[in-house]
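*Asks:* Generate the whole structure from the sequences, applying the supplied hints.
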Amino acid sequence: MTTHPLPVRASRGRALALSAGVLATALALSACGARAGAEAGAPSSSGGESCVDTSGDTIKIGFLNSLSGTMAISEQTVRDSLDLAAEEINAAGGVLGKQLEVVGEDGASEPTVFAEKAEKLISSDCVAAVFGGWTSSSRKAMLPVFEGHDALLFYPVQYEGLEASPNVFYTGATTNQQIIPGMDYLKEQGKTKVFLVGSDYVFPRTANKIINAYAEANGIEVVGEEYAPLGHTDFSTIVNKLKASGADAVFNTLNGDSNVAFFKEYKNVGLTPEAAPVVSVSVAEEEVGGIGVENVAGQLTAWNYYQTVDSPANAEFVAAFQAKYGADRPTSDPMEAAYTSLYLWKGMVEKAESFDVAAIQEAADGVSFDAPEGTVTVNGDNHHIAKTAYVGEIREDGLIYPVWQSDGPIEPDPFLEGYDWAEGLS
Amino acid sequence: MDALLPQLFAGLSLGSVLLLAALGLALTFGQMGVINMAHGEFMMAGAYTAFVVQQLLPDAGVSLLVSLPLGFLVGGLLGLLLEVTLISRMYRRPLDTLLVTFGVSLVLQQAARDVFGAPNVDVRAPAWLSGAVPLLGMDVPRTRLFILALAVAAVLALSMVLKVTPLGRRIRATVQNRDLAETSGVSTRATDRLTFFVGSGIAGVAGVALTLLGSIGPTLGTAYVVDAFLVVVVGGIGQLKGAVLAAVGLGILQAGFEYSTTASLAKVLLFVVIVAFLQLRPQGLVSVRTRSLA
Amino acid sequence: MSDTTPAVEAGRLDTEALEQVLAAPAARFRHDYLEVRGLRVEFDGFVAVDGVDLTVTQGDLRFLIGPNGAGKTTVVDALTGLVAAAGSAQFGGVDLLGRPSHRIARSGVGRTFQTASVFDELTVLQNLDIAAGARRGPLTLLRRRRSVPPEVEAALETVGLAHVRDLPAGVLAHGQKQWLEIGMLLVQDARLLLLDEPVAGMSQAEREETGLLLQRIGEQRTVVVVEHDMEFLRAFASSVTVLHQGKVLAEGTVAQVQADPRVVEVYLGTGAHGRGSRTAATSTEVE
Amino acid sequence: MSAARPGSARTAVARPDWWRREGVRLWGGIALAVVLLVGVAPAVLSDFRLNLLAKFLCLAMVAVGIGLAWGRGGMLVLGQGVFFGLGGYLMAMHMKLSDAGPGGVPDFMLLYGDGVVPGWWEPLRSPVVTVLAILLLPAGLAAVLGLAVFRRRVRGAYFAILSQALAAAFAILLVGQQKVTGGTNGLNGFRSFFGYDLADPVNKRMLYYIAAGVLVVMVVVVRLLMRSRYGELLVAVRDQENRVRFLGYDPAVVKVVAYAVAAAFAAVGGALFAPVAGIISPADVGVVPSIALLVGVAIGGRATLLGPVLGSIAVSWAETSLSEQFPSFWTYFQGALFIGVVAFLPNGLASLGGALRRRRARGSAVPEVGPASDVRPAAGSAGGVPADPPAGAPDVTTDTVDTAGRHA
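Residue numbers (my numbering), protein chains in the order written: chain A, 12 to 437; chain R, 406 to 699; chain U, -3 to 283; chain H, 19 to 426.
Source of the hints: derived by calculation from the structure; they are not laboratory data. There may be inaccurate statements among the hints.
Straight-line alpha carbon distances no greater than 25 Å define the calculated SDA-like cross-link-like pairs of lysine to any residue that follow [stated by the list, open to error]:
(1) H:K197 with R:T666
(2) R:K568 with R:T588
(3) A:K204 with R:G542
(4) A:K204 with R:A537
(5) H:K197 with A:E158
(6) A:K220 with H:K197
(7) A:K220 with H:V135
(8) A:K254 with R:L534
(9) A:K254 with R:I657
(10) A:K254 with R:L410
(11) R:K646 with R:V678
(12) A:K71 with A:D94
(13) A:K220 with H:G131
(14) A:K335 with R:D519
(15) A:K220 with H:V198
(16) A:K71 with H:F344
(17) A:K357 with A:C137
(18) A:K71 with H:D65
(19) A:K204 with R:Y664
(20) A:K254 with R:G536
(21) H:K197 with A:S176
(22) A:K204 with R:S665
(23) A:K109 with A:D136
(24) H:K197 with A:V233
*Replies:* Here you go:
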């Protein structure tokens, strides 16, 4: 730093002093910023202002799904059906005459990354809406971002309810459209002893809280409740407990790979769907192959869509999907909900005649779409959609066939306000 | 008290799974000091071998019996490849081996994802392994018995190999004193390769066996590799006996914790127990005390 | 080793500087003696050291010899807390067995290893500075070294490494590393020096110098040398203990020991005593 | 022999202008980094990118600690995510408490728990307690754990595996205690940071400056530590633990200090990460993120001062920008980086520069930052790595080249 030779120590002292000086400046600068921010009081302008460009003949939307990491298996399928929907919409003339320009991002199965990428899509890419997320944690991580920027997220997966954000549209089922119908079915079948098994995270724990309340109100005994860490691979102890409990039905909220180990163990200790059926809420068509049909045939699932749903809209969807991605690719509930979410957004935009968030929120109520699962309608109050509930049986061909369905679409009730027994749950 | 016997068996069975996963490590880590994080991926390779074999030989029983030796071969060859290309350069850097093999495991997982697809695949269990047999008043799943037997067989075979065959003598000599073995005419290079081949091969066999119990996907190995290392650490290096005792002990403990608390808490408790145990016996349950240990 | 530079090779031991190092009052060392009784070390059922008694007084330069696997190094390991041992061992009135190594070291016991183990990446000066600093407080440790402590300076001169003090110890020739180790023992202020094959790999001239150095140190302190080299032993040992299969076979002056028929037999008849079948066991204790 | 020689590299014959250049290079480098971080980056980056950079800086803090514990101390710390997470959760708990509504109960507890704040959360309402806890708790935990394992001479691979298992257990514990930790969701939705509104971009910027400032302070602290007698001792323990023991030191204590400092750094990184990223979750603390933190350190050069920082920032940046376009490619790339760098360039990319420079200026200078002898074509040995070589089997191929050559 000096041009003439100096004794070592002096030079070090200078350098130290210099860097300390720079550091002090930095801190002083930061203090300035802080004060300014504090004085400004209200959130400053850039927080709420949208940078969406609606001037051209395209409009940007964001797809945010995990393409790497543990959730990639599931979320890739959602991305595929989102891509399909965008392609279809563009082929049919776009939205308000604008072609969709998709910005894809990878959430990498980590909530932190979801939050970061959501921020990027909104503030750097300036997309009009974001579609994606799967796990509860990814949604919770993105929630403050969308609320902070007043942007829109379309979340396509069934979840644990107890949430209604003006900035999120939930196109998967909430608890009263999946969990409760599943229990209704077991009750109809005369089951009185239910065993609950789930992965140790938010969705299963919340679902089981609801099931416990439901069971108490409906004369069903919960004979056991067990949680396994995500990715747990040895179910001998849990299945031992299950068997010893004398349960006549099992409600399964396990996630991912654990299902494989669970069903193999279940079958191997000699338990059968005839004696004690397992109702799963996270096993869809694409998981059946991995678990092995021979291990789950005859077991039940509760969803709002199956590939086998008999409707013209579904026949079209399945045909289009398999034409694009291969005849061996099954379609499943989250895929359908994602596909539907893009069409619902289109419906809202066209009703509002604007891409503006406030206008869309205003127009959302009552927007409906003839989805593959049946007609769905947006509830403007809680931003969920009315959906038909199905209970299906897994058959030898690996597909799931409806054995029961609700009387028409069920109005979404994320806080279970319409159920007396659910009082005090939230 | 009804639960005691089934839980004991559950623990024993868990222990046998852990043992199969850890047995190869007991060789490669315990005897050679190589920390191979890709060990889990060798198991995955074994599992996928079973899958591929079943595609070719639809009879589940035949394909399982064919898969076992083939899984050994696939795991072993992968291990051999890894040893020759990377690990052989790094015997003096055990910790770096850990990182390098972690990189290898990332690559292998992604490769499996690209070759077999991200979703899990299914391997059907043969009819003679489905269902349970009544034993001491319990219904014991046949698959669990099979794996228990397989683990016992693997331990017996391996200890026979180590005790009786010239290879075994060479391995033991090399483990106990590399320099002396070298000067006594043992080719330690060849011995290392063979040891690694055998250790990785056992991982492949473990992978085949695991298809009977759990999911077969690219991340199959990651679920086991940390546990397997803990088994070897607790068991103590250098002897199979330690790994066997540790695997069974940890299995029973975990099943016990899991029964009395929850599966999540059981994992945490197990870790606490292991750290506490290493306070008492840092060298593990069974150890050959050599000067190099100190 | 072809690129070992002349700078590294040069250097001789400096006995004048040694006097500076050894300037401490002799009274400090007067009551020092090593007393080992019934020392026993067992490795998995194999008894490596079996009831060894050993008394070494201040001023002695004791050599410990024996064939491979006799337990020489194991005795040193036991005395320095590296392996657990039964029996008793005292130095300067302090019990050595059962204490952690660093506490043994702090009570004045220092050792070297067969293969010179210096800190290769640190400079010669840093090696010695660390050796001198076990009693430094945390504040001193967290500061930089401003000057070279006098005892380090003297030790540098003594072991003839002053001119390479700023080279990493890793580049030193093998003999120089051994000297560095001895230097480290000196600045460590060890009163009992346990040296494991200190002249292995040294040239004849270097051995000579090392021997003289040890002799001089031995006049003041208690020195035990584990050695194979008979010539070196004959030249410098003031007394010898012969170990065989973990037991003391003979003890006395060089002449006495050499005349002992049992010693002769052991040395001539090594491999012939049926130890070949016990390779696994003995290899836990290999020289 | 391959890592940067710690401590004084002064030599009897060193030329003063060489020395001066070396000092200038290092402190000049730090000054340049400060200017880049404080002056240039905020001027050219958008708010989003700047916040992203702030996140990377938080991860770099962990890397600085890893560099100290692993590069200098030879402890392969595979569980730094634990300390990162502890710091992050402590800060997040404080923020959740201060954001809480009238009842003083964080929102997620109302949702998933019984709406009662557990007693051990209460002290964190105080900002002072929070900061103290962040600085002391993880370091204390590291000290206790470190003493427990190091005293029993658990080291090398055993320590690495234990620290990894600790990370696994910690993540499982966090996930399992949903009512008090938020489970897999983690903690997020923070509105304020010590009273400053986090929605305000000016305050986001302030966070960035704080992160940059803290990182610089950490680098300087590590530099001073490396240069101290303690720094020399740490390297000595890394390379010859037993030898140090026989000199009368307790190596456990020496290692614990570095481990605790690394833990404290990681905790501070986590504590800043939470408000910067807006979330802390179990996914940030488990085995995989813990190992991922090592990649940057390995690539940058574990034993160097700035290598870990630059390496980890570079890797984070590459991950963010590459993974979105080629998620599958990124995994291969990450694996290949691990393999390539650790196996063939054990001292990281920093050693590439060092080797080139040395080749150019052979006989005149040894780089201060950067290993002294990473490239040893003649010896062809793999022994030159600071990774806990087995005692009693020291590397005999120590015919290191350059340093000696300088004196020829």
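*Asks:* Indicate, hint by hint, whether the structure satisfies it.
*Replies:* We went through each hint and held it up to the structure:
no., hint, in the structure
1, H:K197 with R:T666, "holds, 17 Å"
2, R:K568 with R:T588, "holds, 21 Å"
3, A:K204 with R:G542, "holds, 24 Å"
4, A:K204 with R:A537, "holds, 23 Å"
5, H:K197 with A:E158, "holds, 24 Å"
6, A:K220 with H:K197, "holds, 13 Å"
7, A:K220 with H:V135, "holds, 20 Å"
8, A:K254 with R:L534, "holds, 20 Å"
9, A:K254 with R:I657, "holds, 19 Å"
10, A:K254 with R:L410, "holds, 14 Å"
11, R:K646 with R:V678, "holds, 20 Å"
12, A:K71 with A:D94, "holds, 13 Å"
13, A:K220 with H:G131, "holds, 11 Å"
14, A:K335 with R:D519, "holds, 19 Å"
15, A:K220 with H:V198, "holds, 16 Å"
16, A:K71 with H:F344, "holds, 21 Å"
17, A:K357 with A:C137, "holds, 18 Å"
18, A:K71 with H:D65, "holds, 20 Å"
19, A:K204 with R:Y664, "holds, 20 Å"
20, A:K254 with R:G536, "holds, 14 Å"
21, H:K197 with A:S176, "holds, 22 Å"
22, A:K204 with R:S665, "holds, 21 Å"
23, A:K109 with A:D136, "holds, 17 Å"
24, H:K197 with A:V233, "holds, 21 Å"
This entry satisfies every hint, going by the numbered hints stated previously.
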